[in-house]
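Enquirer: Protein chains in written order, with our numbering: chain F, 1 to 104; chain L, 1 to 511.
Hints were generated in silico from the structure; no laboratory data involved. For each residue, glycine too, the CB sits at the ideal point set by N, CA and C. Among the hints, erroneous ones may be present.
As the list claims (entries may be wrong) - Sample of chain F residues at the chain L side, in silico, Cβ under 8 Å:
1. L24
2. V44
3. L45
4. E46
5. D48
6. T49
7. A54
8. D58
9. V62
10. L63
11. S71
12. I75
13. P84
Stated by the list, open to error - 30 Å max Cα-Cα, derived DSS-like pairs, lysine-lysine:
14. L:K490 <-> F:K27
15. L:K438 <-> F:K27
16. F:K76 <-> L:K438
17. L:K438 <-> F:K100
18. F:K76 <-> L:K497
19. L:K86 <-> L:K490
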Amino acid sequence: MTAIVKSDRNIERPTIEGVAMTDLAEKITAYIRENFIAGRSDAVLEPDTSLIEAGIIDSTGVLELVEYLESTFGIKIEDEELVPENLETISNILRFLASKGVGA
Amino acid sequence: MSGTVHDLLAASAARHPDKTAVFQGGRSATFAEIDSLANRVARLLTQAGLDRQDRVVVIMENSIESVGVYYGILKAGLISVEIHEKSTPSEVSYFIQNAGARACVLAEAPASRLGGIEIPVLVSPAGPGSSRARTFVPWSALDAVADERFEARVSSGDIASIVYTSGSTGRPKGVVLTHGNIRSNTLAIVSYLGLQEDDRVMAILPFHYVYGKSLLNTHMAVGAQVVINNRFAFPNAVIREMCERSVTGFAGVPSTFAILMNRSVFPKTRIPSLRYVTQAGGAMAPALTRRLLDCLDGVDLYVMYGATEASARLTYVPPDRLRRDKLGSIGIPIPGVEVTVRDDQGRELAPLEVGNICAQGPNIMQGYWNDPEETSRALKPWGLVTGDLGYRDEEGFLFLTGRKKDMLKIGGERVSPKEIEDAIVESGMVHEAAVVGKPDQYLFEVPLAFVVPLDEKTFDLEALRSFVAGRLSPHKHPRHWTVAKTLPKKPSGKIDKEALRHEALLEMRVA
C-alpha cells in the first residue's frame with residue numbers, strides 16, 4: 001500500500017517573524033477555515049464572529065487551536081488564560097496574541 | 001394517566017410552583033413556568049393537527065425552551081425525536097424520513113436545515129420571526145395559546161422518545177423508549193445518586209443524548225434544579241458558574257474530564273457546594289479516574305455504565321467501593337435492573353468468564369424503530385444484548401473487556417465507521433474507503449479515513465473532504481486522510497481494519 005497524498009489537520013506552519021498584523025489575522029483565519037470549516041460554504045467567519053456560537057469550534061477545537069497557537073508562535077498559554085476574552089473571536093485571539101508579544 | 005415522564009415534572013410544579021427549575025445564563029424559569037410552557041406547546045402541536053404518537057423532530061441546543069418543548073411533546077402524547085443540533089441537512093432528512101416525523105421544532109430557518117423536506121415547523125425564539133414556508137409557525141404563536149393544564153390520555157406503555165444511535169450496520173437506528181422505560185430509569189437514578197430537592201446540577205451534556213436527558217428528568221422529578229451551560233468549550237467559565245451557582249452535582253463523559261484535568265483550573269479549584277460527580281459515556285482511562293479521585297476530596301465520584309437501549313443507565317460503582325477496590329469496574333446493576341454475562345446461546349456464565357453483557361429491566365427499549373431485524377439481534381429472550389463483552393467478579397461487580405466490533409466512540413457518542421465510509425463512497429470519487437479509530441487524548445477516539453481514488457489523476461482530496469463535511473456532523477469528519485492505491489485485505493476479501501489501525505498508529509509515531 002502506498003500513500004500518495006496526505007492531508008492532516010495539524011500541519012506544521014512556518015514561523016511568523018516580521019509578519020504584519022493583517023497578515024497575522026489572515027493566517028489565523030486561514031487556519032480556522034482550513035481546520036474547522038472545510039467544506040462548509042455557509043459558514044461566516046468575520047473578526048467578531050463567535051467561534052463557539054457559530055458552531056465553528058467546540059471544546060476539543062479550542063484545545064486544538066490553543067496547541068496551534070502555542071506551537072506556531074512559540075508561546076505558552078496557561079490554563080487560566082483559556083477564557084472567552086482571549087479565544088472567543090478572531091479579534092480576541094489577535095488581542096491575546098498581542099498581549100503575549102506576538103504580532104505587536 | 002399515571003406512569004408518565006411529564007407527570008414527574010407536573011408533580012414537582014404542583015409541590016413548589018415558584019421555585020426555579022432551570023437556570024440558563026442570566027435567565028431562569030420556575031417549575032410552574034416550565035410546566036406552563038409545556039402545556040402551551042402541547043396545545044399548539046395538537047391544534048396544528050398532530051395525533052397521538054406522531055413523531056416530532058427537535059433540533060435545539062439545551063435551553064429553557066427546549067425543556068418546555070420536550071415536556072410539551074410528551075404531554076400531548078406525541079413522540080419526541082431530538083437530534084444533534086449540528087446535524088447536516090442530509091442527516092436531518094434521514095431522521096425525518098426514518099421516523100416518519102410529522103412536525104419539526106427548530107432553532108433556525110427551515111430551508112437551511114431540512115434538505116428541502118416540506119414539514120410543519122415551529123421555530124424557537126432564536127430563529128427568524130417569519131418565513132415564506134407555508135407551514136411555518138413562529139415561537140410567538142405560543143403567546144396566543146390558552147395557558148391551561150393540558151390533559152391527554154398518555155400511559156406508561158406509550159412511546160415517549162425515539163433516540164437515534166449508531167449501529168454497526170451503518171445509518172443510525174431509532175431506539176424506541178416508552179414513558180415507562182424512561183420513568184423507571186429516572187427513578188432508579190434518583191435513588192442511587194440520592195438526589196433531593198436541594199440538589200442543583202451543572203448540565204453541559206446535550207439533552208438529545210440519553211445521559212444528558214437523564215440529568216434533566218431526574219432533577220425535574222425530585223424538584224431539584226438544572227443549570228444549563230452550552231459553552232464547555234471554555235471550561236473555566238463553566239467552573240466559575242459552578243462556583244457562583246453553588247452546584248451540588250456535575251456530569252461528564254471521559255473527554256469532559258480529560259479537558260477538565262489537563263487544560264482547566266478544575267484541579268486547582270475547590271467548589272465547596274459540590275456533593276457528587278458522575279462519569280459515563282464510555283470507559284475512562286484508570287489513570288485519569290485516579291487523578292480525578294485525588295482532586296475530588298470529599299466529593300462522591302460515580303462511575304456508571306449504560307446504553308441508549310437502556311434509557312440511559314444500567315450499572316454504577318458505589319463511590320466508596322470505587323475509592324477502595326473497584327477502580328476499573330463498571331459496577332453493579334442499578335435498582336430494578338438485572339445484568340448478566342452470557343454466551344451467544346444465552347447461557348449464563350460463571351464469575352470471571354468473559355461473555356456478552358446482557359440486561360433486563362423496565363428500562364430496556366421496545367426495539368429499534370421500524371427495524372425488526374436489528375431488534376431481533378439486540379433483544380433476546382434473556383434481555384438486551386448490549387454488544388459489550390465482559391465478566392463479573394465473585395462479588396458481582398462487572399468489568400468490560402471489549403466492545404461491539406468495529407464501532408467508534410467519539411467523545412461520548414457511538415459512531416459507526418460504516419456510516420462515515422458510506423458517506424465517502426457516496427461522493428463517487430473513490431473506489432473503496434475504510435474508516436478506523438485512533439486513540440485520542442480528549443475524545444477517546446477520532447476517525448481516520450483510508451481511501452482508494454477511482455481516478456488517481458483527477459482525484460481531489462479537498463473536494464472529497466468538502467463532500468463528507470456536507471453529509472456528516474463535524475464530530476464524524478475524519479481527522480486524517482490517507483490516499484492509497486489499494487487497501488489491505490483479509491483472505492475473505494474483507495478490508496483488514498486491524499492492519500489499517502496498526503499502520504495508522506505507526507504513522508502517528510513517525511509523524
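Enquirer: Next step is simple, just say for each hint if it's right about the structure.
Expert: Evaluation of the provided hints:
no.	hint	result
1	L24	violated (22 Å)
2	V44	violated (12 Å)
3	L45	violated (15 Å)
4	E46	violated (18 Å)
5	D48	violated (17 Å)
6	T49	violated (14 Å)
7	A54	violated (11 Å)
8	D58	holds (6 Å)
9	V62	holds (5 Å)
10	L63	holds (6 Å)
11	S71	violated (14 Å)
12	I75	violated (15 Å)
13	P84	holds (5 Å)
14	L:K490 <-> F:K27	violated (44 Å)
15	L:K438 <-> F:K27	holds (29 Å)
16	F:K76 <-> L:K438	holds (27 Å)
17	L:K438 <-> F:K100	violated (34 Å)
18	F:K76 <-> L:K497	violated (38 Å)
19	L:K86 <-> L:K490	violated (36 Å)
In the structure shown, a violation is registered for the earlier hints numbered 1, 2, 3, 4, 5, 6, 7, 11, 12, 14, 17, 18, 19, in ascending order.
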